[in-house]
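For the record, the sequence lines run as chains A and B.
Numbering (our numbering) for the first sequence: 1 to 319.
Numbering (our numbering) for the second sequence: 1 to 319.
A few of these clues could be false.
Unchecked claim - Simulated restraints, written as ranges between beta carbons of each label pair:
| no. | chain 1 | residue 1 | chain 2 | residue 2 | range |
| --- | --- | --- | --- | --- | --- |
| 1 | A | A288 | B | R39 | 22 to 32 angstroms |
| 2 | B | R300 | A | V5 | 38 to 48 angstroms |
| 3 | A | T25 | B | A210 | 35 to 45 angstroms |
| 4 | A | G244 | B | E287 | 15 to 25 angstroms |
As the list claims (entries may be wrong) - These stretches of chain A come out as covered by chain B in the derived footprint (C-beta under 8 angstroms, 3 or more residues):
| no. | segment |
| --- | --- |
| 5 | 19 to 28 |
| 6 | 221 to 234 |
| 7 | 249 to 257 |
| 8 | 268 to 275 |
Stated by the list, open to error - List time: in silico BS3-like cross-link candidates among lysine-lysine, alpha-carbon distance up to 30 angstroms:
| no. | chain 1 | residue 1 | chain 2 | residue 2 |
| --- | --- | --- | --- | --- |
| 9 | B | K248 | A | K314 |
| 10 | A | K302 | B | K295 |
| 11 | A | K302 | B | K302 |
| 12 | A | K265 | B | K248 |
| 13 | B | K77 | A | K259 |
What the hints contain is simulated information worked out from the structure, not anything from laboratory work.
Backbone N, C-alpha and C fix where the C-beta goes; we use that ideal spot for every residue, glycine too.
Number of protein chains: 2
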Amino acid sequence: MSVPVEKWAEQVRAGDVRAISRAITAIENHQAEAEELLRRLFAETGRAYLTGVTGTPGTGKSTLVDRLAAYYRKRQKAVGVIAVDPTSPYTGGAILGDRIRMQSHASDQGMFIRSMATRGFMGGLARATAEVALLLDAAGKHEVLIETVGVGQDETDIVRLADCVLVVLVPGMGDDIQNMKAGLMEIADIFVLNKADREGAGRLEQQLKAMLSLVMPRDGWHPPVVRTVASESQGIESLAETIGEFRKHFEASGQRERKHVEHWKRRLLELIESRLVERVLGGADGEARLAEMAKEVAERRKDPFTAVNEMLAKSGVVV
Amino acid sequence: MSVPVEKWAEQVRAGDVRAISRAITAIENHQAEAEELLRRLFAETGRAYLTGVTGTPGTGKSTLVDRLAAYYRKRQKAVGVIAVDPTSPYTGGAILGDRIRMQSHASDQGMFIRSMATRGFMGGLARATAEVALLLDAAGKHEVLIETVGVGQDETDIVRLADCVLVVLVPGMGDDIQNMKAGLMEIADIFVLNKADREGAGRLEQQLKAMLSLVMPRDGWHPPVVRTVASESQGIESLAETIGEFRKHFEASGQRERKHVEHWKRRLLELIESRLVERVLGGADGEARLAEMAKEVAERRKDPFTAVNEMLAKSGVVV
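Produce the entire structure from the sequences given, and follow the hints as far as they go.
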């Protein structure tokens with residue numbers, strides 16, 4: 001690294017786009033400097049408001065995020081967008097999407113957009129997303145929008161980062177409320193009924209409200225349903241206001257602190273895991289030793305529990 | 001435990017349903033006896049053929065698995081079914097489903113069905129599913145069917161256990177091939193076009209084949225498309241034969257050994273992680289210490305990296 005970490009941190013604090021981009025790459029590659037950088041920036045984080053946006057493909061999440069970002073920019077808020085697609089093994093589409101999205105904000109220094117589309121980041125996509133969110137927070141972004149596809153464990157881990165979670169649905173996509181994954185109901189703070197000019201919007205809203213009426217409110221909050229037509233910029237202001245209401249409610253109820261402590265419990269646990277595994281499997285021959293053990297186990301020459309105990313004993317980690 | 005582990009293992013080997021059920025509960029609860037039991041049974045595993053079945057809700061996976069199981073039973077194969085739904089926070093539905101499914105096989109000792117529907121098993125659902133598959137393998141099941149919903153990371157981890165992965169699609173569910181998650185294409189060894197008597201089956205098959213023609217075969221295998229109407233038991237024999245062909249191809253290509261070594265690399269890594277974390281956070285006050293640290297970090301009194309280093313240093317694990 002040609003730039004010393006303290007200077008790099010200074011550039012990030014000033015919102016320098018190239019410094020931020022370089023930091024994200026370092027985070028993705030799990031480089032030691034990324035940790036050093038985040039360590040220095042950490043005290044200045046915790047100010048940004050994180051909004052997670054999730055929904056199946058075709059619901060218009062990207063357009064919605066784009067319009068929400070534009071809304072915040074008009075109100076002089078600095079905005080960061082992290083678009084995560086853990087199901088995509090290719091970055092091509094995401095990069096193309098970035099370019100298209102970037103164009104409309106190209107000259108805007110208060111807007112930062114980044115896609116994270118590949119699996120297999122060292123240490124996991126959720127960790128990398130969380131660290132990028134911290135970075136954008138330290139870079140002075142007021143609003144950080146985290147967009148992710150679907151509701152697998154990965155995505156759930158990602159949206160859990162957010163202070164407020166939007167679940168986007170559209171009429172007539174065949175995902176009847178009955179078939180809707182239970183996971184979605186659990187994580188939604190606000191439902192967005194996008195493409196609300198389509199046939200079936202009224203029916204979907206009715207179904208949704210009927211289902212929501214059966215669910216206990218969490219900390220006094222009943223997830224509302226907001227209608228939008230993101231492609232026409234309709235309903236965006238109303239959505240932003242609803243996010244604002246949730247934020248107020250959330251902060252008043254003391255839920256924010258509790259959620260943040262829960263969040264950091266998970267994060268610390270993940271950090272502990274990766275530290276320890278690096279200790280046992282680090283070094284040039286770590287991967288080879290693991291492969292050798294796996295072969296012995298696959299051939300039933302050794303059981304997995306004995307294999308692991310032997311690896312731990314040899315690694316010098318006292319267990 | 002009233003029964004000594006060696007006797008318990010003996011009962012599992014003999015296919016005793018109550019012994020198997022008790023072992024699954026021990027696995028789910030991450031009890032020490034489960035490990036002791038699996039250690040004893042391990043040498044006798046590796047014989048069962050594992051078929052994973054995945055697809056979005058409403059594709060008729062359960063019926064398909066049920067009919068496939070019945071097909072194997074008619075041919076005197078002992079069958080185990082593990083139905084996993086990581087998105088369901090409730091076990092109610094799954095248990096009800098089990099009962100309904102059990103009824104048709106109630107008096108059949110060669111058939112074992114178990115649902116695993118809750119998140120938050122100690123050590124993860126993928127780990128628990130993998131250990132239950134080992135157990136059923138040791139219990140002499142020839143065919144183990146693992147049924148799971150969707151394609152999140154959790155589900156991907158689960159189906160990766162399988163020797164053969166079926167992806168189930170149905171016509172007219174709005175999931176156009178274009179919207180189909182890339183993850184599904186990657187993991188499918190065989191596509192099942194279920195409810196093939198519905199309108200749109202031909203179009204879906206065409207789309208699927210067009211898409212498959214663009215994909216490189218893996219180890220010389222082109223994922224075929226098999227049409228079924230599971231509710232009418234149509235196409236089940238043809239599907240079972242295709243699974244048999246894949247098995248032959250798979251074993252001839254040497255892919256099986258390679259896949260098993262990869263599988264055990266992941267499993268050993270997970271075991272290492274959970275062992276080490278238990279060491280650092282085990283004991284009566286482990287959870288409390290983690291919560292305390294998380295609070296300090298959430299309040300920005302300490303950065304997460306320093307917090308983790310301190311916890312590791314105190315734990316006696318040499319890092």
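* Can you list which hints this structure breaks, lowest number first? -> The structure breaks hints 2, 4, 5, 6, 7, 9, 10, 11, 12, 13; every other hint is satisfied.
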